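*Asks:* Given only the sequences and the hints, what does the whole structure look like? Please build it.
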Amino acid sequence: MAGPDQSKAEQEQAARDWWHVMADDASAAENFAAFAQWCNAAPGNRETFDRISLAYQQSRTASPLRTKHVRQQDLRHKPARRANPLRRLGMTLAGAGFALVAALSAVAVIPRDAAWQEIDLADGSVASVAPGSDYDIAFNDQFRNIRLAHGSIVISAAKDRQRPMQVITDQATVRVVGTKFAVSIIGDDVETSVLEGIVGVRGNAGDSRNYELKPGDRLWLGAGHDALQTTVPLANALEIRKGWQSFRNAPLADVLDGISRHSGHRFVLSPLYQGQKRITGRFNLTRADQTIAVLAKLAPITIQPVTGNLTLVY
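Position 271 of the sequence shown, counting from 1, maps to 272 under my numbering, and the rest follow consecutively.
Because the hints were derived from the structure by calculation, they are not lab data.
Just so it is clear, the structure is predicted and the values come from calculations on it, not from any experiment.
Certain hints may be false.
Claimed, not checked - Mimicking DSBU-like on lysine-lysine, the simulated pairs with C-alpha atoms at most 30 Å apart in a straight line are:
(1) Lys243 with Lys181
(2) Lys298 with Lys243
(3) Lys160 with Lys181
(4) Lys215 with Lys160
(5) Lys243 with Lys278
(6) Lys160 with Lys243
(7) Lys298 with Lys278
(8) Lys215 with Lys243
(9) Lys215 with Lys181
Said to hold, decoys possible - Quick list of the computed label-pair ranges, beta carbon to beta carbon:
(10) Ala236 with Ala34: 41 to 49 Å
(11) Leu235 with Val127: 14 to 22 Å
(12) Ala294 with Asn205: 31 to 39 Å
(13) Pro306 with Arg162: 47 to 55 Å
(14) Val127 with Ala10: 48 to 56 Å
(15) Ala294 with Arg162: 45 to 53 Å
All residues carry an ideal CB built from backbone N, CA and C; glycine is no exception.
*Replies:* Structure (structure tokens):
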């Protein structure tokens with residue numbers, strides 16, 4: 002590989018060579034230390050590698066949005082499947098005595114665009130869907146249902162007393178006639194917050210109670226702990242739309258996943274911390290550098306940048 006005195010052309014060729022080395026599962030682990038050393042060896046190496054990675058990824062990736070109409074509307078969205086950058090290939094970090102859970106995609110695949118998607122629904126409602134969310138929307142003459150499997154959605158629901166709108170998750174069903182509210186899935190928890198109107202929530206996983214939320218109310222439901230209902234200033238009710246997310250005893254991996262989806266930053270997390278480090282707090286997911294610095298103060302973790310938007314956490 003080219004050294005510190007390389008020309009621009011040599012630097013780009015070296016970045017391509019490294020991309021192919023790290024694209025091979027068998028060679029990635031044994032070459033990771035040398036790759037990290039090359040990234041730091043000369044100005045521009047990291048940036049050139051990121052640019053080459055993005056070019057390769059854009060040449061491969063198609064749009065993840067798929068739509069299909071059934072009666073009035075049946076919109077199904079399944080994000081393009083990509084390896085989780087927190088959980089795949091084992092790598093050895095130089096000087097550390099443990100394997101990092103990383104992936105080829107943790108080095109060479111840029112996360113999906115960190116942008117919210119605005120959807121005008123058939124009944125006049127408007128849905129804002131967070132990056133990386135997995136959801137189905139199905140409307141007909143009898144019901145208005147949204148199935149949320151992963152991510153966050155903010156809805157301004159048109160009033161229809163004959164067809165209440167329902168957001169259905171594994172943990173809870175959220176039911177409204179017409180209001181503005183948000184639903185987020187965080188690990189095994191679901192958070193519902195309300196800006197306008199009245200929202201009913203029924204637990205689906207163990208907690209089958211019914212909850213009534215008013216403007217400013219926020220409710221967490223999930224396995225392994227009691228429900229928590231609080232009231233926040235209305236300005237914070239739908240803060241997820243501005244990049245803010247509150248976590249309640251969430252695994253560190255879930256927090257890093259949220260930052261990755263909203264900011265485009267990539268993380269490699271030590272398997273020692275998978276499900277072990279629990280985080281409670283309110284963070285801005287769009288500001289990766291600031292948020293990861295705060296996390297470093299909350300948990301005994303070490304942060305090591307590798308490329309411009311790839312960070313090791315161990």
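*Asks:* A separate judgement is required for each hint: does it hold in the structure or not?
*Replies:* Hints, one by one, checked against the model:
Simply put, Lys243 and Lys181 have alpha-carbon atoms about 15 Å apart, close enough for the 30 Å limit, and the pair holds. A distance of roughly 23 Å separates the Cα atoms of Lys298 and Lys243; the hinted pair therefore holds under the 30 Å criterion. In summary, the hint linking Lys160 to Lys181 is supported, as the alpha carbons are separated by about 11 Å, within the 30 Å threshold. For the hint linking Lys215 to Lys160, the alpha-carbon distance of about 16 Å falls within 30 Å, and the restraint holds.
Note on Lys243 and Lys278: the hinted pairing holds, with a Cα-Cα distance of about 26 Å set against a maximum of 30 Å. A threshold of 30 Å between alpha carbons decides the hint, and for Lys160 with Lys243 the separation of about 25 Å falls inside it, so the pair holds. About 13 Å separates the Cα atoms of Lys298 and Lys278, which keeps this hinted pair within 30 Å; it holds. With a CA separation close to 21 Å, the supplied pair Lys215 and Lys243 stays within the 30 Å bound.
Between the alpha carbons of Lys215 and Lys181 the distance comes to roughly 11 Å, so the proposed pair stays at or under 30 Å and holds. Distance hint for Ala236 and Ala34: a CB-CB separation of about 47 Å, consistent with the stated range 41 to 49 Å. One distance hint, 14 to 22 Å for the beta-carbon pair Leu235 and Val127, holds here, with the actual separation near 19 Å. Between Ala294 and Asn205 the beta carbon distance is about 37 Å. The supplied range of 31 to 39 Å therefore holds.
For Pro306 paired with Arg162, a C-beta distance near 54 Å keeps the hint of 47 to 55 Å intact. In this structure the supplied range 48 to 56 Å holds for Val127 paired with Ala10, their Cβ-Cβ distance being about 49 Å. For the hinted restraint 45 to 53 Å between Ala294 and Arg162, the CB-CB distance of approximately 48 Å keeps it satisfied.
No hint from the list above goes unmet by this structure.
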